[in-house]
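Trainee: Below, each chain spelled out in residue letters.
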Amino acid sequence: MRRIGTLLRTTYVLVVFGFIFLPVVVLIVFSFQDGAVSVPPLRGLSLRWYGELFADGRMMAALRNSVLVAVVSAIICTVLGFIAAYGLARYRPRGAAALRALLIAPLGVSYLVIGLGLSLGFSELGIGRSLMLVIIGHVVINLPLAFAILLSQMNEDQEQIERAARDLGAGEFHVITKVTVPMLLPGILAAFLLSFTLSWDEFVIALLLTRFDVTLPVEIWSALRTGLNPKTNAAGTIVFVLSVSLLFVTYWISRRRIGGQRR
Amino acid sequence: MTRGARLTVDDVSKHYGASVALDSVSLSIDPGSYVVILGPSGSGKTTLLSLLGGFTQPTSGRILVDDGDVTHLPPARRPTTTVFQDYALFPHMTVGQNIGFGLTMHKIRGDERSEKIERMLGVVGLPGIEDRAVTSLSGGQQQRVALARALVIEPRVLLLDEPLGALDLKLRRQMQDELGEIQRRVGTTFVHVTHDQEEAMSLADVVVVLRDGRIEDQGSPESLYLQPATRFSATFMGDSNLIDGRVVRTTDETVEVETSLGNLTVPGRASEGAEVTLAIRPEHLRADRGGDIVLGEGRITGRHFIGMHQRCRIQMGDRELILNAPTKPLLPEGATVVVTAHPDDFVVLI
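From first to last, the protein sequence lines are chains A and B.
Take the first sequence: its position 247, counting from 1, is numbered 247 in the working numbering, and each next residue is one higher.
Take the second sequence: its position 32, counting from 1, is numbered 295 in the working numbering, and each next residue is one higher.
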């Protein structure tokens with residue numbers, strides 16, 4: 001009986017993971033397809049489609065735009081998230097709980113609503129759709145996460161350590177630059193990398209807020225409308241591989257931090 | 264090394280909303296002395312230390328270091344440093360960087376900085392570990408690094424917040440001896456907060472007993488132990504037997520107190536008719552007829568052998584006394600003994 005139970009559980013887990021990852025595996029495998037058709041059967045392996053992808057000016061421009069949007073929005077999220085978390089954790093203003101809820105609230109709003117709201121709001125102001133608006137949109141959706149990560153890293157022990165720095169003669173500038181930021185560096189990096197990753201493969205807001213300069217997910221989507229082709233598989237693979245690698249790095253950094261004191 | 268400073272606390276109170284953490288505390292601490300602030304948790308001892316360090320502002324009153332009023336100075340500008348209970352070392356720095364932090368903040372750099380770090384590591388007994396990561400050190404070593412970090416900038420007053428609280432018993436007693444030695448060596452005024460009365464007795468020149476935000480008693484360990492001023496300090500600093508009674512007769516030097524153990528005449532002053540408490544230490548009671556005052560016969564209801572002495576619970580009528588007797592002869596449980604004492608060993612608490 002126990003054996004059957006174990007077998008059922010294992011099968012269930014395999015089916016679930018298969019369901020989640022099989023499409024990704026198919027995408028990756030057929031990005032190496034030697035031929036023009038991105039569906040089975042696999043005719044042989046080749047890097048041809050990656051070559052074509054890197055030769056495609058529109059795709060490469062979209063890739064650069066995606067990196068730009070992800071880097072800039074992640075920096076803004078991390079800086080704003082740090083300032084907000086530091087202020088709430090250290091100065092405990094009146095209504096701190098309400099402020100915290102307000103800062104995290106955008107997590108519960110759908111990307112579609114945020115994208116539409118920004119698009120309509122800015123067109124009322126006479127500001128057209130552009131990468132700049134995508135950056136703003138990504139700050140809106142990712143700031144709550146960056147803030148929550150940083151706030152979780154700021155505890156009483158660190159407050160005591162900052163107090164020790166002041167006691168030894170440090171002014172506020174030195175406390176933050178020499179103690180707080182270096183001490184929280186793993187959390188700061190985790191917040192940055194997570195904001196980067198989520199911006200990097202975000203599609204809905206990027207679609208609603210761009211017009212001529214688009215990001216990679218939007219470009220892939222337009223390419224798909226003209227039909228499946230292994231080149232889009234190759235682009236999708238690049239998006240996926242970068243996202244997963246960054247998530248692993250983030251996980252590794254935050255484990256080092258949360259797992260106790262750093263060596 | 265700089266000499267320690269005189270520390271004066273002048274009528275300081277600290278209120279948190281309606282609750283009173285410190286109530287009109289005044290204190291004068293001699294330069295270069297080792298003061299231990301002793302009290303149970305919630306007595307206000309940590310609040311007092313935090314006020315001295317500048318981390319909290321008093322509701323009223325003044326704090327002076329020598330003749331300078333520091334009440335409204337931030338911690339960075341006070342001639343005090345603090346050794347925090349959990350050490351609060353900078354986890355991202357080496358031992359040397361931790362100790363050198365305060366020096367850098369005081370614009371001491373280069374060779375002078377390295378020499379001071381090296382010398383201070385020698386003082387705390389950890390020479391040559393500048394390049395170790397602080398997270399790789401044991402609790403006792405972290406404690407010493409925290410001490411070195413606070414002492415290296417030559418404060419006039421060093422504040423220690425339960426500095427030995429996180430160490431195991433053996434290490435605590437060892438560090439306790441070393442703290443005293445380091446204090447004598449550097450000459451800084453030390454203010455040390457603890458709830459451990461043994462720690463207080465063995466380190467302090469002066470013990471200040473705090474209770475409910477007020478100073479209950481203060482003095483040298485000997486005078487506090489032998490002549491406690493209140494019931495609280497008599498029982499908080501070691502054990503005491505407390506015997507309630509009423510003064511029935513007085514002379515210039517003695518009082519006669521009517522108690523449930525009979526009338527006892529002991530040295531002390533009190534007005535006739537006053538309700539008083541007589542305190543006597545367990546080691547001052549005798550289970551033989553050797554004392555001048557006979558408290559009566561009692562039955563030994565419990566006995567523990569503690570090495571230096573045997574600790575007996577003795578039922579005397581409707582009350583119980585604790586008596587520490589020498590280990591010889593062994594007193595059998597259930598036996599009836601005569602309890603006596605010397606009149607000088609009683610303290611009259613009004």
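Please keep in mind that the hints were generated in silico from the structure rather than gathered at the bench.
Take these hints with a grain of salt, some might be off.
Partial selection, computed: residues in chain B whose CB lies under 7 Å from chain A [as the list claims (entries may be wrong)]: (1) 335; (2) 338; (3) 568; (4) 569.
Listed below are the simulated SDA-like cross-link pairs for lysine to any residue, each with C-alpha atoms no more than 20 Å apart in a straight line [said to hold, decoys possible]: (5) B:591 - B:525; (6) A:178 - B:574; (7) B:433 - B:348; (8) B:370 - A:169; (9) B:370 - A:29; (10) A:178 - B:433; (11) A:178 - B:359; (12) B:370 - B:388; (13) B:433 - B:403; (14) B:370 - A:110; (15) A:178 - B:591; (16) B:379 - B:368; (17) A:178 - B:403; (18) B:591 - B:613.
From the derived model, a few chain B residues whose C-beta atoms are all more than 10 Å from chain A [what the hints assert, rightly or not]: (19) 280; (20) 281; (21) 317; (22) 349; (23) 368; (24) 412; (25) 416; (26) 477; (27) 494; (28) 514; (29) 531.
Note that the Cβ used here is the ideal one computed from N, Cα and C, for glycine as well.
Trainee: Now tell me if each hint is right for this structure.
Mentor: Taking the hints in turn, this is what the structure says about them:
| no. | hint | result |
| --- | --- | --- |
| 1 | 335 | violated (15 Å) |
| 2 | 338 | holds (4 Å) |
| 3 | 568 | violated (43 Å) |
| 4 | 569 | violated (38 Å) |
| 5 | B:591 - B:525 | violated (29 Å) |
| 6 | A:178 - B:574 | violated (56 Å) |
| 7 | B:433 - B:348 | holds (18 Å) |
| 8 | B:370 - A:169 | holds (10 Å) |
| 9 | B:370 - A:29 | violated (61 Å) |
| 10 | A:178 - B:433 | violated (36 Å) |
| 11 | A:178 - B:359 | holds (15 Å) |
| 12 | B:370 - B:388 | violated (26 Å) |
| 13 | B:433 - B:403 | holds (11 Å) |
| 14 | B:370 - A:110 | violated (53 Å) |
| 15 | A:178 - B:591 | violated (63 Å) |
| 16 | B:379 - B:368 | holds (14 Å) |
| 17 | A:178 - B:403 | violated (26 Å) |
| 18 | B:591 - B:613 | violated (36 Å) |
| 19 | 280 | holds (14 Å) |
| 20 | 281 | holds (19 Å) |
| 21 | 317 | violated (8 Å) |
| 22 | 349 | violated (6 Å) |
| 23 | 368 | violated (4 Å) |
| 24 | 412 | violated (7 Å) |
| 25 | 416 | violated (6 Å) |
| 26 | 477 | holds (27 Å) |
| 27 | 494 | holds (36 Å) |
| 28 | 514 | holds (56 Å) |
| 29 | 531 | holds (46 Å) |
Hint compliance for this structure: hints 1, 3, 4, 5, 6, 9, 10, 12, 14, 15, 17, 18, 21, 22, 23, 24, 25 are broken, all remaining hints hold.
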